[in-house]
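Trainee: So the protein sequences, as listed, match chains C and G.
Reminder that position 251 of the first sequence reads as 266 in my numbering, one-by-one numbering, no gaps.
Reminder that position 84 of the second sequence reads as 99 in my numbering, one-by-one numbering, no gaps.
The set of hints was computed from the structure by calculation and includes no laboratory data.
Since we're looking at a predicted model, the values are computed, not measured.
The beta carbon of each residue, even a glycine, is placed where N, CA and C say it ideally should be.
Wrong hints could be hidden among the right ones.
Here are the computed lysine to any residue pairs in the SDA-like style, where the Cα-Cα straight-line distance is at most 25 angstroms [what the hints assert, rightly or not]: (1) C:354 to G:213; (2) C:354 to G:21; (3) C:354 to G:234; (4) C:105 to C:71; (5) C:105 to C:72; (6) C:354 to G:220; (7) C:354 to G:83; (8) C:354 to G:296; (9) C:354 to G:322; (10) C:105 to C:201; (11) G:234 to G:84; (12) C:354 to G:171; (13) C:354 to G:215; (14) C:354 to G:99; (15) C:354 to G:84; (16) C:354 to G:290; (17) C:354 to G:20; (18) C:354 to G:327; (19) C:354 to G:204; (20) G:234 to C:72; (21) C:354 to G:217; (22) C:354 to G:214; (23) C:354 to G:326; (24) G:234 to G:171.
A few chain G positions that, by computed beta-carbon distances, are all more than 10 angstroms from chain C [what the hints assert, rightly or not]: (25) 58; (26) 59; (27) 76; (28) 126; (29) 130; (30) 186; (31) 190; (32) 201; (33) 220; (34) 242; (35) 244; (36) 259; (37) 275; (38) 322; (39) 354.
Here is what each chain is made of, one letter per residue.
2 protein chains.
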Amino acid sequence: MSDTQVTVGILGGGQLARMSACAAYRLGLRVAVAERTAGSPAGQITPLEFAGEWEDTAFMERFAAASDVVTLENEFIDAAILGRLEALGKPVYPGAATLALIQDKLVQKQTLAARGLPVAPFREVDGAADAQRCGAEWGYPFVLKARRNAYDGYGNRTVAAAAHLERAIGELGHPQRTLYAEAFVPFRMELATQVARGRDGAVRVYPVVETRQERHICKWVLAPAPVPEAVRQRARQLAVAAVEAVAGVGIFGVEFFLTRGNDVLINELAPRPHNTGHYTIEACCTSQFENHLRAVLGWPLGSPDLIVPAAAMVNLLGKRDGPLHLGDLPAALRQDAAKVHIYGKAE
Amino acid sequence: MSDTQVTVGILGGGQLARMSACAAYRLGLRVAVAERTAGSPAGQITPLEFAGEWEDTAFMERFAAASDVVTLENEFIDAAILGRLEALGKPVYPGAATLALIQDKLVQKQTLAARGLPVAPFREVDGAADAQRCGAEWGYPFVLKARRNAYDGYGNRTVAAAAHLERAIGELGHPQRTLYAEAFVPFRMELATQVARGRDGAVRVYPVVETRQERHICKWVLAPAPVPEAVRQRARQLAVAAVEAVAGVGIFGVEFFLTRGNDVLINELAPRPHNTGHYTIEACCTSQFENHLRAVLGWPLGSPDLIVPAAAMVNLLGKRDGPLHLGDLPAALRQDAAKVHIYGKAE
């Protein structure tokens with residue numbers, strides 16, 4: 016809170032907050048973390064750990080008082096909570112207005128489509144009749160999704176036939192959760208990039224990467240994507256337009272489908288550092304985490320360019336790949352040029 | 016203290032501890048910091064901050080109990096204090112025996128010379144008569160140094176003529192502080208490298224760099240040093256031999272003089288990450304800080320190779336270059352490809 020001790024407050028204490036904190040520490044910043052429980056991956060690495068409920072106004076005011084600027088590490092915090100922080104006069108980036116256009120994925124699609132940006136056909140689904148109409152119009156399979164609080168495939172169902180519709184709708188939590196549907200895109204590749212956008216609207220775009228998802232979870236990333244330069248250029252243009260459509264400030268992850276006809280469709284926008292951009296820590300001049308901080312602080316953005324000809328990143332998950340024991344880490348480190356990041360998650 | 020939550024304890028809370036902590040966090044480690052006062056650069060970035068005196072046995076036992084392995088960020092902690100931690104059964108790297116051979120610079124010179132390693136002529140100085148003998152034998156100028164607790168030139172005096180001897184000896188604190196003398200080496204360049212040495216004796220050597228010191232403070236570093244490969248090779252061999260001479264485990268900085276005849280003399284050995292090696296964070300496959308942690312944890316060491324053709328690092332100090340205001344930082348960051356590290360020092 017002084018000239019030489021700027022504190023960045025992060026809503027959420029997961030791995031993305033931890034990696035943001037590491038970037039912050041190299042810039043001489045302090046970091047405050049607000050998470051529901053103590054001992055989160057980011058909470059472990061700061062003395063300014065706040066454990067409590069984001070819905071608790073007094074708690075959030077204490078957190079805000081410790082922070083010069085507030086940012087977030089996931090899109091699940093309700094925009095109204097950000098709005099209350101803004102009403103206190105606290106700078107919040109990305110802000111409530113941006114979150115409101117992103118965290119409801121139906122609203123996100125509508126926002127992008129309203130700007131003329133290419134997305135797969137989509138429609139609100141409030142029950143089986145709506146879903147039936149989607150199948151009739153688009154054919155099967157198509158994709159049912161929860162509008163909010165879905166991540167890593169929890170909250171998505173690919174519906175192969177009309178007979179499975181009722182079950183998928185129920186499994187996704189309808190009617191407690193609101194749903195929407197998207198046409199299935201028979202893509203030949205998935206692409207992603209990250210866009211840093213400053214308070215002044217300046218943008219820097221990271222290399223366009225190929226991503227391989229398995230069961231909706233990012234498995235590996237290859238930078239740059241092995242596609243024609245014109246495709247990469249198109250993806251970069253769309254990414255910037257998407258972030259501008261939501262008036263975003265900070266780093267944004269943008270995912271795309273590359274169709275068999277080499278069309279680029281925007282799949283999803285995330286208002287935070289993105290798991291397809293972790294490679295930027297080692298492989299780019301300025302990591303996505305550092306540029307995120309620079310953006311939310313109103314500082315000039317750094318070069319997002321690769322400092323190596325190419326980079327690959329593999330994502331290992333305890334649940335999928337077996338639990339990690341630190342005893343196994345030495346073997347991983349035996350790969351001479353490999354870089355290993357451990358997120359400090361309890362599971 | 017559990018399988019998935021290894022804590023590295025660092026004695027000292029300065030910038031080198033802070034940078035080590037950042038590397039630790041990326042490896043999923045926790046960090047404990049012991050410093051005399053709270054709010055140190057490293058203490059700011061961990062919930063496990065211990066503020067107290069290293070000479071306070073109960074304090075050190077609390078710190079040790081929180082740490083799975085103990086390391087240090089400067090050579091000013093008395094070897095006997097490390098010895099007490101080792102007596103508690105705590106792994107300490109570098110250990111008491113290594114520190115005892117390094118922290119007294121006269122003993123360090125004697126240790127290196129006893130191994131036949133090339134150093135400038137040196138001699139213990141216990142008063143003006145000893146110093147006069149140095150001048151008579153080596154000529155002027157020569158260098159008077161405090162044997163212990165000297166850094167960044169505080170504790171060094173270059174004596175230009177016999178008439179200045181008494182004053183220099185007094186200014187260096189004799190007889191309260193013990194002194195020694197070194198012949199002045201009319202070097203054509205200063206070189207440095209870092210050596211990581213594991214618990215198992217495995218070594219990895221960083222690129223040999225040119226360093227420019229101004230008033231005994233590192234001003235800039237150029238990697239690799241613009242000297243013949245044979246010179247770099249010689250420096251690397253000497254660096255490894257020096258670290259082996261003190262049975263070092265962890266990262267060690269080694270400084271050299273390159274004489275006009277292209278001889279390489281060892282100037283100094285530091286049992287910790289070195290300010291001539293900060294460039295390794297961006298420019299090398301594995302930073303000196305990460306390899307330090309890997310060494311003290313008994314993990315395999317990573318490649319120290321450059322991932323870019325060359326790198327330069329400039330060290331800005333508040334006292335020399337004017338106080339830093341965070342308001343100035345945006346201007347520094349406007350250099351597109353520059354990386355800035357702020358150490359969080361109060362001054």
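Trainee: If a hint holds in the structure, say so; if it does not, say that too.
Mentor: Status of each hint after checking the structure:
1. The straight-line distance between the Cα atoms of residue 354 (chain C) and residue 213 (chain G) is roughly 18 angstroms, inside the 25 angstroms bound, and the hint therefore holds.
2. Proximity of residue 354 (chain C) to residue 21 (chain G) is assessed by CA-CA distance (about 19 angstroms); at most 25 angstroms being required, the pair is judged to hold.
3. Between residue 354 (chain C) and residue 234 (chain G) the CA atoms are separated by roughly 30 angstroms; this puts the pair beyond 25 angstroms, and the hint is violated.
4. Between residue 105 (chain C) and residue 71 (chain C) the CA atoms are separated by roughly 17 angstroms; this keeps the pair inside 25 angstroms, and the hint holds.
5. Taking the CA atoms of residue 105 (chain C) and residue 72 (chain C), the gap is near 14 angstroms; set against the 25 angstroms cutoff, the hint holds.
6. A distance of roughly 18 angstroms separates the Cα atoms of residue 354 (chain C) and residue 220 (chain G); the hinted pair therefore holds under the 25 angstroms criterion.
7. A distance of roughly 23 angstroms separates the Cα atoms of residue 354 (chain C) and residue 83 (chain G); the hinted pair therefore holds under the 25 angstroms criterion.
8. Taken as a hint, the residue 354 (chain C) and residue 296 (chain G) pair is honoured in the structure, with Cα atoms around 12 angstroms apart against an allowance of 25 angstroms.
9. For the given pair, residue 354 (chain C) sits about 13 angstroms from residue 322 (chain G) by alpha-carbon distance, which is consistent with the 25 angstroms threshold.
10. Distance restraint check for residue 105 (chain C) and residue 201 (chain C): the Cα-Cα separation of roughly 44 angstroms exceeds the 25 angstroms cut-off, and the hinted pair is therefore not satisfied.
11. In summary, the hint linking residue 234 (chain G) to residue 84 (chain G) is not supported, as the alpha carbons are separated by about 33 angstroms, beyond the 25 angstroms threshold.
12. Only pairs whose Cα atoms come within 25 angstroms are accepted, and residue 354 (chain C) paired with residue 171 (chain G) is rejected, the gap being roughly 40 angstroms.
13. Of the supplied pair hints, the one linking residue 354 (chain C) and residue 215 (chain G) holds, its CA atoms being roughly 22 angstroms apart against a limit of 25 angstroms.
14. Between residue 354 (chain C) and residue 99 (chain G) the alpha-carbon distance is near 35 angstroms, which puts this suggested pair outside the 25 angstroms criterion.
15. Taken as a hint, the residue 354 (chain C) and residue 84 (chain G) pair is honoured in the structure, with Cα atoms around 22 angstroms apart against an allowance of 25 angstroms.
16. Restraint check: the Cα-Cα separation between residue 354 (chain C) and residue 290 (chain G) comes to about 23 angstroms, which is no more than 25 angstroms; the hinted pair holds.
17. The suggested pairing of residue 354 (chain C) with residue 20 (chain G) holds, with an alpha-carbon distance near 19 angstroms, which does not exceed 25 angstroms.
18. Among the hinted pairs, residue 354 (chain C) with residue 327 (chain G) is consistent with the structure: their alpha-carbon atoms are about 23 angstroms apart, no more than 25 angstroms.
19. Simply put, residue 354 (chain C) and residue 204 (chain G) have alpha-carbon atoms about 34 angstroms apart, too far for the 25 angstroms limit, and the pair is violated.
20. Proposed proximity of residue 234 (chain G) and residue 72 (chain C) is contradicted: the alpha carbons are some 49 angstroms apart, above 25 angstroms.
21. Among the hinted pairs, residue 354 (chain C) with residue 217 (chain G) is consistent with the structure: their alpha-carbon atoms are about 19 angstroms apart, no more than 25 angstroms.
22. Proximity of residue 354 (chain C) to residue 214 (chain G) is assessed by CA-CA distance (about 21 angstroms); at most 25 angstroms being required, the pair is judged to hold.
23. Simply put, residue 354 (chain C) and residue 326 (chain G) have alpha-carbon atoms about 20 angstroms apart, close enough for the 25 angstroms limit, and the pair holds.
24. Proximity of residue 234 (chain G) to residue 171 (chain G) is assessed by CA-CA distance (about 17 angstroms); at most 25 angstroms being required, the pair is judged to hold.
25. Distance check on residue 58 (chain G): its Cβ comes as close as 8 angstroms (rounded) to a Cβ of chain C, failing to clear the 10 angstroms threshold; non-interface status is violated.
26. For residue 59 (chain G), the condition that its CB be more than 10 angstroms from all CB atoms of chain C is violated, with the nearest at approximately 6 angstroms.
27. For residue 76 (chain G), the condition that its CB be more than 10 angstroms from all CB atoms of chain C holds, with the nearest at approximately 22 angstroms.
28. With a least beta-carbon separation of about 31 angstroms from chain C, residue 126 (chain G) lies farther than 10 angstroms from that chain, consistent with its non-interface assignment.
29. Non-interface status of residue 130 (chain G) relative to chain C is upheld: no Cβ of that chain comes within 10 angstroms, the nearest being about 29 angstroms off.
30. Distance check on residue 186 (chain G): its Cβ is at least 32 angstroms (rounded) from any Cβ of chain C, clearing the 10 angstroms threshold; non-interface status holds.
31. At roughly 40 angstroms from the closest C-beta of chain C, the C-beta of residue 190 (chain G) stays outside 10 angstroms, upholding its exclusion from the interface.
32. With a cut of 10 angstroms on Cβ distances, residue 201 (chain G) stays outside the contact zone with chain C, its closest approach being about 38 angstroms.
33. No Cβ of chain C approaches the Cβ of residue 220 (chain G) within 10 angstroms, the least distance being about 14 angstroms, so the stated non-interface status holds.
34. With a least beta-carbon separation of about 25 angstroms from chain C, residue 242 (chain G) lies farther than 10 angstroms from that chain, consistent with its non-interface assignment.
35. The non-interface label for residue 244 (chain G) is consistent with chain C: the shortest C-beta to C-beta separation is roughly 22 angstroms, beyond 10 angstroms.
36. Non-interface status of residue 259 (chain G) relative to chain C is upheld: no Cβ of that chain comes within 10 angstroms, the nearest being about 22 angstroms off.
37. Non-interface call for residue 275 (chain G) relative to chain C: holds, since the shortest CB-CB distance, roughly 36 angstroms, exceeds 10 angstroms.
38. With a minimum CB-CB distance of about 6 angstroms to chain C, residue 322 (chain G) fails to clear the 10 angstroms threshold, and the non-interface call is violated.
39. Interface exclusion of residue 354 (chain G) from chain C breaks down, the closest Cβ pair being 8 angstroms apart, not more than 10 angstroms.
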